[in-house]
Structures are given as structure tokens and as C-alpha cells.
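Please construct the entire structure, taking both the sequences and the accompanying hints into account.
2 protein chains.
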Amino acid sequence: MSTTVWLIFSLVCGVISLGIGLYLYFWVKKQDAGTDRAKEVAGWIQNGARTYLKKLYAALIIISVIMSAILAVVYTIDGSGRGLTTALSYIFGAVCSAIAGYLGMEVAVRANVRSATAAAKNLSDAFNVAFRAGAVMGFAVVGVATIGMSVIYLATSDPQLVLAFSLGASSLALLAKAGGGIYTKTADIAADLVGKVEVGIPEDDPRNPAVVADNVGDNVGDVAGMGADIFDSYVASAVAAMLLGASMNDPFYTVLPLLLCALGIIASIIGVYLVKVKDDGKPGKALNMGTFITTGAFAVLMTITILVLPQIDNRFIWAILVGTSVGVIIGQTTEFFTSDEYKPVQLTAEYSGSGAAITIISGMSYGLISIVPSIIGIVIAMLVSFYVCGGNADFPMGIYGVGISAVGMLAISGMIVSADAYGPIVDNARGIAEMAGMDEEVIDRADVLDSAGNTAKAITKGFSIAAAALTVLALFAAFVSEINMALAPHGRAFTMEEVSLVNPLILAGIFLGAMCPPLFSALTMNSVTKNAFEMIEEIRKQFREEPGILEGTVTPDYNRCIDLAAHGALTSLVLPALIAIAFPLIVGFVMGPKGLTGFLGGAIITGVIFALFMSNSGGLWDNAKKYVEAGNFGGKGSEAHKAAVIGDTVGDPFKDTAGPSLNTLITVMSLVASTFAPVIALYHLIP
Amino acid sequence: MSTTVWLIFSLVCGVISLGIGLYLYFWVKKQDAGTDRAKEVAGWIQNGARTYLKKLYAALIIISVIMSAILAVVYTIDGSGRGLTTALSYIFGAVCSAIAGYLGMEVAVRANVRSATAAAKNLSDAFNVAFRAGAVMGFAVVGVATIGMSVIYLATSDPQLVLAFSLGASSLALLAKAGGGIYTKTADIAADLVGKVEVGIPEDDPRNPAVVADNVGDNVGDVAGMGADIFDSYVASAVAAMLLGASMNDPFYTVLPLLLCALGIIASIIGVYLVKVKDDGKPGKALNMGTFITTGAFAVLMTITILVLPQIDNRFIWAILVGTSVGVIIGQTTEFFTSDEYKPVQLTAEYSGSGAAITIISGMSYGLISIVPSIIGIVIAMLVSFYVCGGNADFPMGIYGVGISAVGMLAISGMIVSADAYGPIVDNARGIAEMAGMDEEVIDRADVLDSAGNTAKAITKGFSIAAAALTVLALFAAFVSEINMALAPHGRAFTMEEVSLVNPLILAGIFLGAMCPPLFSALTMNSVTKNAFEMIEEIRKQFREEPGILEGTVTPDYNRCIDLAAHGALTSLVLPALIAIAFPLIVGFVMGPKGLTGFLGGAIITGVIFALFMSNSGGLWDNAKKYVEAGNFGGKGSEAHKAAVIGDTVGDPFKDTAGPSLNTLITVMSLVASTFAPVIALYHLIP
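Sequence order for the protein chains is V and L. Per this note's numbering: the first sequence = residues 1464 to 2150. Per this note's numbering: the second sequence = residues 1464 to 2150.
Just to be clear, a hint being listed does not mean it is correct.
Copies of the same chain are indistinguishable here, so a pair counts whether it falls within one copy or spans any two.
[Said to hold, decoys possible] No farther apart than 25 Å at their CA atoms in a straight line, the calculated lysine-lysine pairs in the BS3-like style are these:
id	residue 1	residue 2
1	K2105	K1993
2	K1739	K1493
3	K1993	K2099
4	K2089	K2105
5	K2105	K1659
6	K1993	K1806
7	K1493	K1584
Please keep in mind that the hints were generated in silico from the structure rather than gathered at the bench.
Written out as C-alpha cells, the structure is:
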């Protein structure tokens, strides 16, 4: 059996995955879209989301043209003759990621109103609509990604071109994730601060001029952004392992990542198919069950496959199993720090009685402490997969083990994305039910669905950060081997040993790299405060100039807020995008491969730490507020509640803007470095 | 001229420094201590401070006994015959640091009331009392430290024993800095939240049961803690360079750090002597002038000395000059992010009008951005001092250049500490003036003195973090050379090249190390919230049970709050101390020198980043509040003010507990690693 058979198998699985996604898409479209009022409300959200997506993709086209031109020139000048193919692969990656995101978003903005309408009948139907819509995104992401990678490798057998494909996908992910994160939190904070706090109208009240922007934000941030993010990690983990495999000159090791993707697709189909909720059932439990079943199915399929295939070392089974179990365990510990069943959330809620300052300090402290179990988990996964694959005697094998363990973790992304995309859909469904004036019973059912989405999210979030950490570590090693391969024809080498931690040039690189993730998160958060401040002024102005809005007789001008959010988010992306793309290139061409290696190492470390800290602090504050609202420490309207609301608002950009974008940032930086490694290896200022 | 002459010269300078400190101490004591009421109030603070210091030193004795016993055993078993001397040097270091801290504190708790009393006459006298009292601390710190190091090296010629001396001093610094930081912010936050916010009585009102604890906190946190902190950095930078000099087998290079300390003492004497304020003068300007004069004097003395001495390479002049200039520049950029004359503070104040959440997000964002110029400065200082000393061709020379540049920066600590210790003294003077019911005019003068202290602090803080960063980088290299020297007799080597950044074991170490500073700051901040929460309950209880307190007819029970703060701070130190001391040992003995090298590298990176971020965010919030209070965006009592107060309260533990303790944490970790390096090099689990 040759690698071609494996590649065709993974291509077929990709096509099946995309096919299932399209089938579910049309199934969701066929469902009842409800009353005219519901359709009207949903129409506002659809239009707002499409407008933003169009602008986002326009920005992507600009970046793609620039980047592909640079790639074409660089890889023509260097004589490798790969100029055109590299540029095309880059564009192909960006387009594939955009297609998956577009599909996911299109179905999400239809599923929300259909899920709300179904909730008028029963919980089970409402859940089905939302979850299957989430699965459209899930299957589209893994399907398109696997098709893209398989096609390129089948056609060219060149992992370098898969790398360019990955960079293309990551460029979109960076824009989608950071831009969507800024958009959604701008609207969310502004809507809450004026609506709930100043004027005292409920969440999702149609009198609030920012309410549509807020609901659009859920779609562009949590659906399209998150889909692009996982697409990016998924492809990056595969390409890192492929590059490491290629550097060992083993065609089977090079293709194994794509085979694992294919097995993950099969496991995800099984898992998604088995997710069912009865009318009195618990949707949160069903989602988690789906994740566990998928993980189990993947573990079995993977073990059998590797045992059967003579070309693959059986030790990889352990690397993958360790990685996957650690991922699940990390998800569970995240739960400890962010669920209201445990001390961190409860104590923070209790302290809130003494004022918002204590809420903030307490939440930040627990967020910082929460990085400990995850980091220990990542360290264990890395060391075990390295040593179990014999890294002590055979360094490249050990490093490949780390890479393949990341691929194993991300292989089940189909199920993970399905459960994750479900969340914003039911969140929107709840909003539409409220805005369209549906019955209390419907809103209650939507609430049940909504809270299940939050539980699922906590677990998948920990999982995905851990997976991204392992991925960038593999990419890091891939970068070094890229440099080495570029120097080989010139009779020089860049060995692992050369990158000494004690070398000031490398330490300088580490410091510069380590400073990027905090800087990046600060810039995105600053954009949120700046844009929210402008939108707050706009909402106040509308209330002031048109008193009919608050009386409910005049429809507010939703489009002003939508435009403000979209424009603000996109213009705010320029600086963060420069940090991600230009900064590693500057460091590389000035400080050389050594400085750039340090730079990547530094960025990975603080990237992981800040991603964990910010996501978990944000989740903790969110639930501390809900815990107080559930009647503890004075309940709604108490001093503790006011303080907890402030904590929650601080947490919003932490957990939905800055924190989760950091994954993408460090992936993009690593990919940029690897893609340009062959040129940087030969041309740089400091020797 | 032999090294003995140099050593005797530095010993003499140390003795002169201590002598001047003692002279100023008795001068301050002779000043008028004011009215009976003022003496009474000052007496409460003195007693509170002494009680705490006694408890702190008792805790230090326990740690010293354990640590010196371990050192004695380890260095007896290993056959080096250094068991007893190492243990004694360790204890000597702890005692020396304690003496300096005790002197500084004793003078501070006398100078506060005397400065307040002098303020009844004029500004100039009040300034003189406070600044000379600060200078007691300044000269005591550098004097005792220089005496200690010179004596040990004169007697033994063994830099290893100076290392043990440094570790002893650092152990105290860790307790004093973290404990004092927790103490002072517990009392500060509790006093403010109940006194100012709930009950509406002014700052420093004698009716507040926590008011004495709050003023004691300024002394134990900002005077004793800060003194121990600089003592620690000062000695650590010297010992790092001494070890690097010794590893090059050059006796003159080994002793040069002590010579620089001596020159720094002379420069500080000149600088302190020239600090003068007229009655209508600006104390802040005078303090900064003193720092600039000292820096200039040191630069001249150092340049002449190195040019004259044939044994010392002239290139070191450049390394020291670059380090010192970068330190001053970093101080100035810190000013940009924390002064109300620039945009970050002003915008954060403006955003406060939209609620506390925006205040917090904005302040955090700017705090994260503020790390950029400092990190670039540190990188430049490191690279220039490395390359200018020829590190490219001669690696050890380059590294020694980095170490000596850190020594140069810290040599002027005498002046830095004097200006810094001045701050809490005048802060206290203001408190006593208020509590003792002095005239409005006196309080106004005390306010002028107080705000000058804040300006000086911003600059010295940036300076000291930069110096600490260079110091730990030198210590880091010293650690590697320690490991190498320990392996040499066994025919093995641990070269710089062996510590590859791409090795999973080292990456694992980096991750574990990088997680420590955030964890440490979270634990100390958590202690502040927990203890403040308890103290808030106590204050509320006193107000509730004894209505006479608020009427001003009954004196509150100050001692309950003092005890709560002291007990809370000391019991909270156990976990942080374990992180600092036990964690590097565990990593070292399990993961070996490679893992430990990574661990130190990781800790240094996030340590510097979090120290800068937390210090600067805290300073920014503090001044944003003051900016609003000065009448901007609604002034006192407005919504913007309420939000700014919450920001300031969050910033308190950031800038005075967690942030500045991180310097000490990474120094202690590096010293522990270096001290135990000879044993860890030979005995560890993972090969």
C-alpha cells in the first residue's frame, strides 16, 4: 500500500465530511423559520452578519494579494522555482478557510430563528436544529481542510506548499478571530452598559439600538471567528507533523497526519450521529457525551490502524493517547476554575460584596493560578510523547512524536467545532425569542439550551488551547528543521544544539517574542474600549434625540451601531496584523535564524500563558455574576451583583477577544517564520 | 596594586557609608518630635511597625536555620569542606540585610512625626528631615552590603561564599518584600473601602480602626521591604559578576564589582549631599536632580578608574555607560505611561465616565503596552554590552560585560534608595499631621512633599526593574558556569551550546519556570483580598458595636487591625516562599541542569514582563484617579471618580504587592539554583 492510497482515503473522507455538512445545511434551511416578526428580527441579524463578512473578506483579499505577491517574488528570486505554486497554495488556503467560515455563518444565521421557532414545540427539536447547524460548521471545517491538504500533497508531494496553504488559512483566522472578537465585545459591552446599567431595560430588548449588533457579534465572533481559528490549528498541526516527517525522509510519516485527520472525521461522524436529547433531557450532558464518544472512537480507530500498518511505529499510539487524555484532563481542570460548583467562582462572588475592586483582583488571581494545571499537562504531554517515541536516542523521532500527538488531539475537531458552534446559535435563538416577543416558556427552553452551550464551551476551550500549544511546539521544531534544510545545500547546518538559551542573541529574541502576546492582547482590548466608548455615545444619543425609542413606539437605528462595530473592528486589525506578520520577518531578517528561534519560543510561552489566564479569568467572572444572579450573596440588584457585573464586563474582552486570539497569533507567527525560513536562513543582518 | 588593595578600598567605602548613615540617624533623632498628640500618634505607628518586624525576623530565623542546616549538610557531604563556611555566610547575609532594614525602619518611624512637625515651620526643613532619614536607609543598605561582601572575600577569596551571603540576603528580601506588600495593601484597601467608600470619612481619619495599620504598612512595605529588595539586587548583581569573573580565572575581574560598588558609594555621597530644597522649591525636581548628579558622578569616577587601572579592559566602560543610560531612559518611558501629563492616564480617566469595567480594561491594556519600551531597552543593554565587550569572539567576556553593566546600574543604589525611602516617610508625615489635627497649611506642605515622592518613585521603579532584569540575566549565565565548573573535575562539561531551546526537556523547564511569576503574584494578591476581606469585617464590626467611634468620642481598637494585617501577611508567605526556594530545587533534582536552566530562563522572562505590567498598570490607575480628583471629567464624587477609585484599588496590590515582589522572586530562584548547582550537576533524576 503506497502513500497515494492513504492520500486518496483522506481525500474521500474529506469529501464525505463536506457532503454531510452540506446535507445538514439544506436540512436546517428546510425547517420552519417562524412568524413574520421572528423572520424580520432574524433578517436584521443576517444582514448585519453578511455585511461584516463581506468587509472582512475584502480586507482578506488585500492581505492575500500582498502576501501572495511577496511569496511569489521571494520564491522566484531564490531560484527554487516555487514562486507561483507557493502563492497559489497560499490563496487556496485562505479561500478554503473562507468557504468553511461562510458556510458556518450562513447556516448559523438561519438556524437561530429556526431553533427559537422549534423551541415553541419542544426542547428536543430546538436542540436538534441548533446542534445540526453547529455540525455544518464542524464538518465543513475538517472536510474542506482535509480536502485542501490532500489535494495539494497528491498533486505536488511538496509539504512546503501545504505550509503555504496553512499560512493562507491562518491569515484569515487572524482577521476573523481578532476582528470578530473586537466586534462582538464592542457591541456586547456597549449594549449592556447603556441598556442594562444606565436605562435598566433587559438583555436583548429590541428598544436597545445596539441589540442587533450584539447578536451579529455572536455570529461573527463566536461562529465565523472560532471556525477559522480551529481550521487554522487543525491545518497547522498537520503541516507541522508533515514537515517533521519530511525532514526524516519518510514518505509514510509525512502522510500519517492526513490519515489521522481522516480517522478523526469518521470518529466525529459517529459522535455527532449519537448526540440526542429527549424533551426532559440535559443538552449539556449530550454534548459532552458526544465529545467523549468521538474521542473513544478515534482512539480505537487510530490504535487499530497503526497496529495494522507496518510502516508506522507502534509507539506513536502512546504519544497520541497521552496527548488526547491530557487534553481532556485539561478541559476538566478548566471547569474547576470557571464553574460555579467550585470555590474560585463562589469565593469571587462572595468577595464581590466588598466592592468591584476585590472582584477583579480575586478573579485575576484565580485566572493566573488556573494556568498551573494546564501548563503541567502540556509539559507532561510534550515530555511523554517525546520520550515514549525514543526522543532520548533519536531526537527527530521524539520531536515527530510531539507533533503527531498534537495532530491526534486536533483530529476530533469535527465534533469539537460542532459542539462549540452550537453555543452562539442558541444564544442567538434566545435573543430572537426575546426580541420577537415569544412566550415565556420558549425563552425558558432557550435558556436551558444556552446554558448547555456555556458548559460545553469551557471544556472545549481548555482542550483547544492545549492542542494549540502542542501544535506550535511542533511548528517550532519544524521551523528549525526548515532552516537546517535550507542551509544544507550550502554546506552549513543549523543544529538544535546551536540554539543555546544562554546566548544573548537568543535571549534577546525570547524577550522580544515574549512581549508580543501581551502587546497583541492589549491592542485588541484597547480597541474594544475605544470602540465601545464610541458606541455608548451613539446609543445615548439615540435615546436622547428620539424619546420614542424607549417608549417602544419608534424602532431605533440599528444600522448605525452595526456600522460602528464593523468599521471599528476592521480598522483596529491593522496593528495586530502587523505584529503577527511583519514582526517575525523583521526579527528574522535582522537577528537571523537564532534570534528568530528565540523570538518564536518567547512568543509561544507568553502566548499560552496569557491565553489560559485571560480565557479562564473571563469565564470565572461570567459565572460569578450568574452565581450571584441565582440568588447568592444578595442576588440581583445587590452590591455584590453590581460588582460582579463589572467583573463580567472586564472578563468579556478577556475571554472573547484577547485570550482566544492568542492561539491564532502564535500559530501565524510560527507559520510566517517557517514559510520564510529558507530565505531568512541565507539572508540576515546579524551573523 | 593587588586585589587586596581594591578590597580594602571598598571595605573602607562601605564603612564610611554606614558611618554617614548612622550620623544621619542620630541627626534625625535629635529633631523636634512635636506635640504630645503627634508623639502619641507616631508612637502607635512605631509600636505597630516594631511588632511586625519582630514577627518577620522570627520567621526569618526559622527559614535561616532550615536553609543553613541544609547548606551545611549538602556542602559537607559533597566533600568540598565548605559546609560550615557556606552556612555561616548565608546567615551573615540574612543578618546584614536585617540590620540595614531595621535601621531604615527605625529612622523612618521617627522621621515621619519629625518631618510633620518641621512642616509647621517650613517646607525646606520638613524635606530635609524626610530626605536625610531616607538617606539613612540608602547608606545603610549599600554600606552594610559592601562591608559584608568585602569581608567575606578578603577572608576567604571564595566567590561561592559571597553567593551564599547573597542568598541569605535574598531570603530576607523575599519575606520582607512580599510580606510587607501584603501587609500594606491589606490595610490600605480595607481602610479605604470601609472608611472612605462606606462611611465617608477622609483618608487618615483617626476614627478609622485600620488607620494605624495603614500607616504601619507604609513603613513595613515601602521602607523595610523596599530596602531589603534593593539590598538583594545590589548584592546579587555583584556576586553574579564576581562568579563570572572567577570562571574566567581573573582575580581582578572577580573583584571589579566590589570596586564599582565603592565608586557608587562615593557618587551617592556627592549626590545626596547636593540635594537641597528652598522653601518655595520643588522637592520632586530636587530628588531627580540628585539621581542625575549621582549617575553623572559615577560615570566620571568609573571611567577614570577603569582608564587608570591597567588590569581592566577599557571596553567595560561602554558596557556600564550603555546599561546606566538605558536604565535612566526606561525610567523616563515609565513616566509616559504613569504620569497624568500624557495620554494613557488621561484617556483612562476619560473612559472612567463609562464605568469601572472600562477603567480596568484600559489600564490593563496600557500596562501591557508599557512593557514594550522597557523590554526593548533591556534587550539593547544586553546586546550592546555583550557585543561591545567582544562577546562574538570571546563568549565569557561578553557575558561578563552584561554582568558588569548590571553592577554599574546598581552601583548608585545609595542615592536611589534614599530618594525612594523618602516617599513613605512623607506619606506617613501627612497621615500623622491629619491624625494629630495639625493646621491645614501643614497638611498642604505635607501634600507637596508627598506628591514629589510619587514622581521620584515612578522613575526609580523603572530603573530598578531594568537593573534586576540585567542582574538575573548575569546570574543565569553564572548558574551555567557553576554547573560547568562542578562537572569539570569529573571530566564532563556543560557548555552553553548544550542548552538548546528546541530540546523538549528545556522547553518543559521554560514552561514550568514561566508559570511561577504569574502564580506567585496571584498567590500574594489572593492573600491581599482574603486578608482585606477579614479586616473589612473587623472594621464594620467595630463601627457597629461601638457607635462612639464614628462620633469621635471613643478611640477604636487599632491593635486588632494591626494584628490581623501582621498575622495575615506572615501566614500568607508560606506558599510563595516554597515556590521561590523549593520549586527550583525540585525541578533541578528531577529534571537536571538542563531542565533547571530552562526553568530559570522561563521565570526570568515572565518575571520581568509581569513586574513591568503590574507596576505600571497600578501606577497608571493611581494617577488616573488623582487626575479625576483634580477636577477633570466631573471631579470628586462623579461617576468617573467612583470608577477611577475602583481602578486605583485594583492597582494597589498590582503595584505594591505582586509587581515589585517579582524582582525578588526571580533573584531568589536564580541564587538558589546557583548555590545548589554543584550538587544538582552531579545528582539528578532525568539524565
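Verification of the supplied hints:
1. When the C-alpha separation of K2105 and K1993 is checked against a cutoff of 25 Å, the pair qualifies both within a copy, at 23 Å, and between copies, at 20 Å.
2. Taking the shortest alpha-carbon separations for K1739 and K1493, only the intra-copy value of 20 Å comes in at or below 25 Å, while the best inter-copy value is 84 Å.
3. In this homomeric assembly, K1993 and K2099 come within 25 Å of each other (Cα to Cα) only across copies, at 24 Å, whereas the closest approach inside a single copy is 29 Å.
4. Taking the shortest Cα distances, K2089 and K2105 sit within 25 Å of each other both inside one copy (12 Å) and across copies (24 Å).
5. Proximity of K2105 to K1659 under the C-alpha cut-off of 25 Å is found in both arrangements, the shortest distances being 11 Å within a copy and 19 Å between copies.
6. For the identical chains of this complex, K1993 and K1806 are inter-copy neighbours only, at 13 Å across copies versus 34 Å inside a copy, given an alpha-carbon limit of 25 Å.
7. For a Cα distance limit of 25 Å, the shortest separation of K1493 from K1584 inside one copy, 16 Å, qualifies, whereas the shortest one across copies, 88 Å, does not.
In summary, this structure violates none of the numbered hints.
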